[in-house]
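Take these sequences, add in the hints, and give me the full structure.
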Amino acid sequence: MDESKKGVSRRDFLRAGSIGMAGLAGITGLRALAQPATANALPPFQEGDDGNIHDHGGAGVVGQVDHEANGFHPHEILTDFDYGEVKEENGRIVREWNFVAIDKEFEIAPGIYFPGWVYGSETSAASRRASRVVGQCPGPTLRCVEGELLRLNFTNAGSHPHTIHFHGIHSAFMDGIPGVGRGMINTGESFTYEFEAKPFGCHLYHCHAVPLKRHIHKGLYGAFIIDPDPEKYSGEEQEIAKTRNHQYTENEAVNEMVIVMNGFDTNFDGDNEVYAANSIAFGYGMASPIPIQRDQRQRLYLINATEFDPINSIHIHANFFDYYDHGTTLKPTLTTVDTIMQCQAQRGILEFSFADFEPGLYMFHAHQSEFAELGWMSFFDVRA
Amino acid sequence: MEQTATTLTSRVPKWALAIFPLVLVIALIVLFFLLNPLAFFTGAFPPLEELTVQRVLFPEDGRIQLSVINGGPDPVTIAQVLVDDAYWNFEITPDNTLGRLQQATIDLNYPWVDGEPLPIVLITATGITFEAEVDVAVQSPQTSAATFVAYGLLGIYVGVIPVALGMLWYPFLRRIDRKWVNAFLALTIGLLVFLFVDTVLEALEIAEEMPGVFQGIPIVVFGTLFALGVLLAVSRREGGGSPLAIATFIALGIGLHNFGEGLAIGAAFATGAAALGSFLVVGFTLHNITEGIGIAAPLTQTERPPIRTFILLALLAGAPAMLGTWIGGFAFNPFLATLFLSLGAGAILQVIWEVGKLLINDAQKRNEAAVSWLNFAGLTAGILVMYLTAFLVKF
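The listed protein sequences correspond, in order, to chains A and B. Residue 203 in numbering that gives the first Met the number 0 sits at position 204 of the first sequence, and the numbers go up by one each step. Residue 77 in numbering that gives the first Met the number 0 sits at position 78 of the second sequence, and the numbers go up by one each step.
Any given hint could be a false lead.
[Stated by the list, open to error] The following label-pair restraints were derived from C-beta to C-beta distances:
id: 1; chain 1: B; residue 1: L33; chain 2: A; residue 2: K86; range: 54 to 60 Å
id: 2; chain 1: B; residue 1: D94; chain 2: A; residue 2: P177; range: 43 to 49 Å
id: 3; chain 1: A; residue 1: H316; chain 2: B; residue 2: V281; range: 52 to 58 Å
The hints are simulated quantities; they were obtained by calculation from the structure and are not laboratory data. The beta-carbon is built from N, C-alpha and C at its ideal position, and this holds for glycine as well.
In structure tokens:
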């Protein structure tokens with residue numbers, strides 16, 4: 000990393016963020032989202048009994064990230080699928096989301112604040128818990144079923160023009176890039192992206208406004224998962240498709256998780272100071288590992304949104320997995336591997352199990368040691 | 000018109016006249032803070048963060064200690080520490096938020112590798128990074144009797160011994176012709192000119208390491224002028240100009256220079272920068288031998304002083320190097336190093352002046368040109384010898 004001696008103000012981003020939220024309320028006329036009272040508290044994630052980061056040979060960060068202040072929690076993002084609102088129009092299933100982009104400063108490692116640009120959705124877990132739209136990084140995981148008509152009402156409440164560009168099949172008009180269709184959506188403006196959900200798989204969406212690198216790296220990206228429709232397949236493929244489709248009971252038997260691999264260049268020198276799984280350095284570290292029931296099948300939707308570095312990777316310790324590149328097939332594209340790499344925007348599905356394993360902490364991380372030691376290091380807490 | 004003005008001010012007591020502008024200044028400051036007329040500009044002002052890592056110590060295997068100072072106008076919060084591109088656990092005292100000019104100590108348990116470079120980066124709450132460059136990780140000197148003696152000996156090798164050896168040329172200098180003595184005095188001026196340039200450059204280099212608020216370059220300029228002024232005044236008052244007085248001032252100037260040199264050597268050994276070890280020490284010994292000739296040369300103009308005088312002069316010029324290696328090795332401080340090097344530069348400038356006058360007076364007495372070819376050759380030889388022997392110590 001290069002030395003940088005000049006500071007950059009992060010405080011005015013906070014200001015801009017709050018103004019953006021106020022403007023948003025006026026633009027979309029947010030309705031209060033009815034939620035049980037208990038939903039206002041963060042779910043009881045285990046942070047380690049003593050409140051300290053457990054020792055990993057002295058490696059790691061000092062202190063704790065204030066997830067309450069961020070408004071989103073890596074453990075919540077891990078398993079939160081934003082299904083939007085489903086309705087029927089002229090005999091067709093329509094899935095709709097109310098989406099915003101805002102400026103938001105958030106804590107990416109204990110004590111380190113990043114002046115980000117982020118997406119938020121009315122129907123994300125974080126927003127429902129707060130009864131208002133909460134911006135989060137990575138953005139809400141959109142989940143739908145192939146063949147559905149998707150409608151994304153996007154409002155730009157940020158300080159710069161933004162777009163949403165989906166990795167999927169759609170018309171040029173809906174591609175969310177500058178100069179085509181509606182192009183860049185200016186501050187205070189809205190646009191509805193509408194297209195059919197296809198092909199099924201593990202995809203992503205991100206802002207495609209220019210300068211592109213800055214818009215992505217600031218935090219405007221998220222997972223976009225299209226479940227296969229079992230009715231389109233038969234036999235063994237149909238059974239597999241059922242486990243992949245959130246509307247089928249077969250899917251409930253599988254523990255599904257989403258990890259967006261990302262990085263943050265806090266001093267804006269073109270090199271990341273922090274790498275993470277779902278934004279928070281060591282967010283699933285020893286002090287707050289991901290709980291795993293060892294007999295349950297595991298499915299991990301993995302997306303690489305890392306900027307500046309050409310590739311990122313994942314390695315699961317003491318275990319092997321099947322891999323579905325882009326998630327667009329029902330049969331694995333790689334079987335019995337323990338490490339895969341993804342270029343920028345590449346993604347895939349990992350399927351594995353800890354059945355019959357000794358309970359304990361099983362590590363997983365980028366197998367670029369540098370990324371791991373800069374925050375992209377995590378643990379599964381396998382329980383009997 | 001003028002009269003009324005005079006009578007107006009003459010009625011006011013003297014103290015009030017002295018205080019009046021100050022009252023206005025205070026009123027202006029209060030107004031500035033209350034009304035904030037610069038608010039128009041502040042919107043785009045980022046908080047200016049400036050941290051300086053003053054020292055990185057490796058007190059023992061598996062431990063690193065950094066001392067940090069906030070030289071910027073705003074408070075800075077150190078959020079995390081990266082060692083070799085990895086987040087690492089650390090403790091910071093007294094607090095991880097440093098106010099203006101506040102210092103902090105950071106302790107890490109890190110298995111550093113002996114003899115390898117180790118980049119350490121501090122990352123602040125706003126994500127700005129500050130790097131502490133470690134050329135080579137080597138164990139820092141412990142405050143034990145053995146290391147104390149070792150660093151003292153280092154000072155003797157580079158300071159006292161070469162100066163004393165150089166002064167042994169005194170009997171030779173006494174035996175040679177007056178013209179040649181003058182040439183040696185010119186040679187002394189030459190080596191002093193080299194030392195002056197070298198000292199100023201060294202001071203400027205260390206000044207660069209200081210936080211900007213300490214204004215390193217003004218310290219160098221005014222430190223030099225201050226030492227020059229004080230020594231010129233002192234030498235006038237002492238009646239100055241006697242060969243012994245000149246030799247003493249040369250020894251003093253060289254002593255201050257050697258103090259600075261000792262600081263640099265001590266710090267280099269302590270921080271692992273002096274990987275060349277004994278080669279460096281031999282180099283300094285050869286480099287500094289000429290300093291002894293410089294001190295001895297003016298003494299040829301008078302009757303032979305007692306041995307005690309020579310010993311005292313050698314100590315005056317050489318012993319400060321010991322003090323320097325101790326301070327440099329155990330408690331290096333860029334501010335003090337810059338200050339002493341600047342004072343040394345001023346002291347050297349003063350002896351250049353004195354020795355030059357000695358030459359000019361002698362020439363005038365005999366109706367000769369002070370800048371004879373022989374003297375000029377001596378001057379050039381002095382600079383050249385210093386330049387060439389510096390090859391052994393510069394890298």
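Each hint, compared with the structure:
In this structure the hint that L33(B) and K86(A) lie 54 to 60 Å apart at CB holds, the actual value being about 59 Å. A C-beta distance of roughly 47 Å is found between D94(B) and P177(A), which places it inside the suggested range of 43 to 49 Å. Under the hint 52 to 58 Å, the C-beta atoms of H316(A) and V281(B), about 54 Å apart, fit the expected range.
Violated hints are absent here; each numbered hint is respected by the structure.
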